[in-house]
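Protein chains in written order, with my numbering: chain A, 5 to 336; chain B, 122 to 448; chain C, 319 to 720.
You can trust all of the hints, since none of them are fake.
DSS-like, lysine-lysine: derived pairs with alpha carbons at most 30 Å apart:
hint: 1; chain 1: B; residue 1: Lys436; chain 2: B; residue 2: Lys374
hint: 2; chain 1: A; residue 1: Lys38; chain 2: A; residue 2: Lys277
hint: 3; chain 1: C; residue 1: Lys451; chain 2: B; residue 2: Lys374
hint: 4; chain 1: B; residue 1: Lys339; chain 2: B; residue 2: Lys431
hint: 5; chain 1: C; residue 1: Lys339; chain 2: C; residue 2: Lys626
hint: 6; chain 1: C; residue 1: Lys445; chain 2: B; residue 2: Lys442
hint: 7; chain 1: B; residue 1: Lys319; chain 2: B; residue 2: Lys431
hint: 8; chain 1: A; residue 1: Lys242; chain 2: B; residue 2: Lys172
hint: 9; chain 1: C; residue 1: Lys626; chain 2: C; residue 2: Lys607
hint: 10; chain 1: B; residue 1: Lys374; chain 2: C; residue 2: Lys445
hint: 11; chain 1: C; residue 1: Lys451; chain 2: B; residue 2: Lys442
hint: 12; chain 1: C; residue 1: Lys445; chain 2: B; residue 2: Lys436
hint: 13; chain 1: C; residue 1: Lys626; chain 2: C; residue 2: Lys376
Worth flagging that the hints you see were computed from the coordinates, not collected in a lab.
All values reported here derive from a predicted model rather than from experimental measurement.
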Amino acid sequence: MTQVQTYAGLDPARTDFYRQLLHRMLLIRRFEEKAGEAYALGQIGGFCHLYIGQEAVAVGAMAALRDDDYVTSSYREHGHALARGVSARAVMAELFGKATGCSKGKGGSMHLFDAERNFLGGHGIVGGQIPIAAGAAFAIKYRGGDQVSLCFFGEAAVNIGSFHETLNMASLWDLPAIFLVENNRYGMGTALERASAIDDIPARGASYGMAAEVVDGMDVLATYDAMQRAVERGRSQKLPTLLDVNTYRFVGHSMSDASHGTYRTLEEVEENKKNDPIGGLCGRLLDEQLLSHKDIEGIDTEAIAEVEDAVAFAESSPDPDPEELYTDIYYD
Amino acid sequence: MPILTYRDALTEALREEMERDPDVFLMGEEVAEYDGAYKVSRGLLDTFGDKRVVDTPITELGFAGLGVGAAMAGLRPIIEFMTFNFALLAIDQIVNNAAKISYMSGGQFRVPIVFRGPSGGALQLAGQHSQTFDSWYANVPGLKVVAPATPADAKGLLKTSIRDNNPVIFLEGEMLYNTKGEVPDGEHLVPLGKADVKREGSDVTIVCYAKSVAPALKAADTLQREAGISCEVIDIRTIRPLDTDTLIDSVRKTNRGVIVEEGWPYSGIGAQLVDTIQREAFDELDAPLLRVTGADVPMPYNKKLERAAKPNPQKVIDAVKQVTYTA
Amino acid sequence: MATKVIMEALSPTMEEGQVTKWFKGEGDKVASGDTLAEVETDKAIMELVARGAGVLRKIVVPEGKTVDVGSLVAVIGSAEEDISSLIVAIASPPDVAPSNGDSAGDAAASTSATSTPPSTGDGARVKASPVAKRMASDRGIDLASIEGSGPGGRVIKRDVEGAAGAPAAVPDGAAGGFEDVPLTQIRKTIARRLGQSMGPIPHFFLTTEIDMERAAEARTALNALDDGPRISYNDIVLKVVAAALTQHRACNAWWQDDHIRYFNEVHLGVAVAVEDGLITPLVRNADLKTLRQIATEVRDLAGRAREKRLRPEEYTGGTFTVSNLGMFDIDQFTGVINPPEAGLLAVGSMVEKPVAEDGQIVVKKRMRVTMSCDHRVIDGATGAQFLQTVRRMLENPMAIVW
Numbered sequence: 005m006t007q008v009q010t011y012a013g014l015d016p017a018r019t020d021f022y023r024q025l026l027h028r029m030l031l032i033r034r035f036e037e038k039a040g041e042a043y044a045l046g047q048i049g050g051f052c053h054l055y056i057g058q059e060a061v062a063v064g065a066m067a068a069l070r071d072d073d074y075v076t077s078s079y080r081e082h083g084h085a086l087a088r089g090v091s092a093r094a095v096m097a098e099l100f101g102k103a104t105g106c107s108k109g110k111g112g113s114m115h116l117f118d119a120e121r122n123f124l125g126g127h128g129i130v131g132g133q134i135p136i137a138a139g140a141a142f143a144i145k146y147r148g149g150d151q152v153s154l155c156f157f158g159e160a161a162v163n164i165g166s167f168h169e170t171l172n173m174a175s176l177w178d179l180p181a182i183f184l185v186e187n188n189r190y191g192m193g194t195a196l197e198r199a200s201a202i203d204d205i206p207a208r209g210a211s212y213g214m215a216a217e218v219v220d221g222m223d224v225l226a227t228y229d230a231m232q233r234a235v236e237r238g239r240s241q242k243l244p245t246l247l248d249v250n251t252y253r254f255v256g257h258s259m260s261d262a263s264h265g266t267y268r269t270l271e272e273v274e275e276n277k278k279n280d281p282i283g284g285l286c287g288r289l290l291d292e293q294l295l296s297h298k299d300i301e302g303i304d305t306e307a308i309a310e311v312e313d314a315v316a317f318a319e320s321s322p323d324p325d326p327e328e329l330y331t332d333i334y335y336d
Numbered sequence: 122m123p124i125l126t127y128r129d130a131l132t133e134a135l136r137e138e139m140e141r142d143p144d145v146f147l148m149g150e151e152v153a154e155y156d157g158a159y160k161v162s163r164g165l166l167d168t169f170g171d172k173r174v175v176d177t178p179i180t181e182l183g184f185a186g187l188g189v190g191a192a193m194a195g196l197r198p199i200i201e202f203m204t205f206n207f208a209l210l211a212i213d214q215i216v217n218n219a220a221k222i223s224y225m226s227g228g229q230f231r232v233p234i235v236f237r238g239p240s241g242g243a244l245q246l247a248g249q250h251s252q253t254f255d256s257w258y259a260n261v262p263g264l265k266v267v268a269p270a271t272p273a274d275a276k277g278l279l280k281t282s283i284r285d286n287n288p289v290i291f292l293e294g295e296m297l298y299n300t301k302g303e304v305p306d307g308e309h310l311v312p313l314g315k316a317d318v319k320r321e322g323s324d325v326t327i328v329c330y331a332k333s334v335a336p337a338l339k340a341a342d343t344l345q346r347e348a349g350i351s352c353e354v355i356d357i358r359t360i361r362p363l364d365t366d367t368l369i370d371s372v373r374k375t376n377r378g379v380i381v382e383e384g385w386p387y388s389g390i391g392a393q394l395v396d397t398i399q400r401e402a403f404d405e406l407d408a409p410l411l412r413v414t415g416a417d418v419p420m421p422y423n424k425k426l427e428r429a430a431k432p433n434p435q436k437v438i439d440a441v442k443q444v445t446y447t448a
Numbered sequence: 319m320a321t322k323v324i325m326e327a328l329s330p331t332m333e334e335g336q337v338t339k340w341f342k343g344e345g346d347k348v349a350s351g352d353t354l355a356e357v358e359t360d361k362a363i364m365e366l367v368a369r370g371a372g373v374l375r376k377i378v379v380p381e382g383k384t385v386d387v388g389s390l391v392a393v394i395g396s397a398e399e400d401i402s403s404l405i406v407a408i409a410s411p412p413d414v415a416p417s418n419g420d421s422a423g424d425a426a427a428s429t430s431a432t433s434t435p436p437s438t439g440d441g442a443r444v445k446a447s448p449v450a451k452r453m454a455s456d457r458g459i460d461l462a463s464i465e466g467s468g469p470g471g472r473v474i475k476r477d478v479e480g481a482a483g484a485p486a487a488v489p490d491g492a493a494g495g496f497e498d499v500p501l502t503q504i505r506k507t508i509a510r511r512l513g514q515s516m517g518p519i520p521h522f523f524l525t526t527e528i529d530m531e532r533a534a535e536a537r538t539a540l541n542a543l544d545d546g547p548r549i550s551y552n553d554i555v556l557k558v559v560a561a562a563l564t565q566h567r568a569c570n571a572w573w574q575d576d577h578i579r580y581f582n583e584v585h586l587g588v589a590v591a592v593e594d595g596l597i598t599p600l601v602r603n604a605d606l607k608t609l610r611q612i613a614t615e616v617r618d619l620a621g622r623a624r625e626k627r628l629r630p631e632e633y634t635g636g637t638f639t640v641s642n643l644g645m646f647d648i649d650q651f652t653g654v655i656n657p658p659e660a661g662l663l664a665v666g667s668m669v670e671k672p673v674a675e676d677g678q679i680v681v682k683k684r685m686r687v688t689m690s691c692d693h694r695v696i697d698g699a700t701g702a703q704f705l706q707t708v709r710r711m712l713e714n715p716m717a718i719v720w
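Use the sequences and the hints to build the structure in full.
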């Protein structure tokens, strides 16, 4: 069993960086809370998968990337888009299906895209995005670049064919890709050990000769550190990495199921909430006196204001023009 | 004009486009060292090296999806399926990603990719290696579907497909690779969405494409000679987008139509063409449109059964006689 | 199952009809084929027959009321059947043109109001290919009059082409005996230029005065033979015109827009004044009939025309028309051609007048006739030659039997 990497010690010189991480995580938390509300009010339709509890993964991972790197994600990607720098306005408007959304209201919650930020989309088919990320990595190598291609997917995707086919090719061809397994333990309601003959995810990487790490995904700095190692492996050695980032979702799989009751207990959820990634980072920053309660409150207020603004923006934005129905099908 | 086989015309298109644009690469099973399972990529590895001519593991879903990602990141992949029978393994990537990402992203991403390879019935390959999925792809908005019948069209359409900014399903006729014809040298581009009138006529329009063009032309010859029936043979060349104008103009002239396709009849390409024609030219029709299709069965192995399952000139002749009320 | 009785298109040009008399009353038993009512059309009084059996449950259109073709006239059903929905569905637009089938109940009504009624006489739907329907509509041909050669009797393109230009409801007769001659360039040019100069039909007129002494003698002699039907001057004119037309086929023709149809048979229209207009019943194959036959037939036709009891086939499909206003003391007049025919002979009154003959003034029975010609079909000399034959025959009746 691979050792879980944890982070030790804060560097006072990097307080601004920590503040940024905290801000991003709080933004995502407040955003998702608001999205849940808007969904309940019928302002958001369709499937909607919230990221509450997993904020450290997106924020820590994305902090290790450059703007010219590529990111591909699954359908639980509001947090990834926000962490990548897509504005709360553009994401919220997309959830509202508005013309000002980051996919012009044509993608919705599961299909956030941002070409400017090399954000290759949220994808609705489990595992469907994994080969795409490898394709971006292939393009990087083809052109002799030093970017990396980061791919988020859940632990339930490690049993699907595209995962295996892609890991094989990425390792075979030495592609600068990072396969980040966002391991929240449950594929919808099925626990990993109930679905996988081998629940040791790094062992999956080993079977393709790929470097792998287990990461504490409730710790944003540990995630950031592990990502930095993976990014370095990609940039300088053009080698892929498999990261098993352990996390926990505090809410249900989607808006249509409860956070607990069938496949997991309230006790389990409450126990994990004690390990809240945002609370964790705040505690350490307070402990080491890098930020005060007031500072943190200020950051949170800022995040809340940003989300309120995003909702107002989404509400007041127009629906797509009816003619948009038939645009963007083909690219001239 | 040089005489080339359909296969060599395709190779010429690949070579010319790879020379023209360094972002174009070819990927698939056996495309490099083996020179291609059907030798369409013969010699390309020697010229372009293994960076641009890439042998893959047998993982259609994986390399099709990898191609989509590479296209999103700005390259122009040509993904070869050893045959389109195996593309079923990749259909999630083709339908859910290649076809939809432009739309789902509100037009931010384009996916300029060509999925190509042999398609359609072959000889005694039985149920899993001898079939036609044209209508599956043509059903999907976001895909373009191209199926050349002649060496010249094979070259001209492939070059255009590679330059197109959208995913193109390029269906090569497995049984057409050895057919020969005149092929223009160099820059020969055939636009997508433009049908070709392969033979002019006045009594009936025979619509066909790819491998069904030859039996259609043969039937037209026989009908003219033996029955004095003048057939207009239209090769649609591109299944999607469809050149409706050429089709309708012809039906307006002849008032009758027979559609020939290799695929299964149920929900086939011909069904779509019938819909288009009856909608656009209802008042011009003098007879029900008839379809000559592959039999509604998995392809049998036995030679005689196999022959019975495929379209042939006689079936076209019978259909034409029915619609011209000369049966 | 109730049967709707609708106002049927009983003549090719009929758009509306007046119910003049009901033969059955509400509650009467009705068998299929029974005459229900008498309907006056634009041309004649026709019979409306039952297309279903049962009881005449409801008369929707009372005597004296006029409704459009396709309108509900009555309902036949079983005695107990609830027919209220049928009546409600149609009740609203009795006097307006039927709408384009906005409800299922209206569908039958609205389709039969189109210019080419798709119903055959026996009520069965005419099966026709779409292009055949369009072509028939363009050319004003009644599909029901065409025998379909497609599967199940489907009327197809070639059938319409074969019937091209035939009048709606082609009666027996006009079908076989003709030859279609394509237009030559000069003929097309004449047609186009003359068409521009005067109305849709470029008329021109030829008048001649005929010595009727011998015709009068012959008529007196014939009528003295027995007590059979008396021969009129007009009968003699008809017989002569028919005979002359067999010698001048160029005048026995139809203008057909893209070709001219020359008939080998002569179906003479005889203009008959009726109370509120004019109708031209036909003496079919007039050239093959004796004077006596012609006399008998014309009398019958004229009588029934005045009673509006002509059947459509008795007044459609003529090849040439004779119009006689002699009985009104009209010396001469010009008639208007009855298209698609190409010629008409207008006959004036026979008068005794002084004429110079061999240097002497003598009194003779004279009659003026004026021929109207469609210049697209008949040129001046052609018409003149025909008229010359007519004149010679009337001046020497024996010439008829040459």
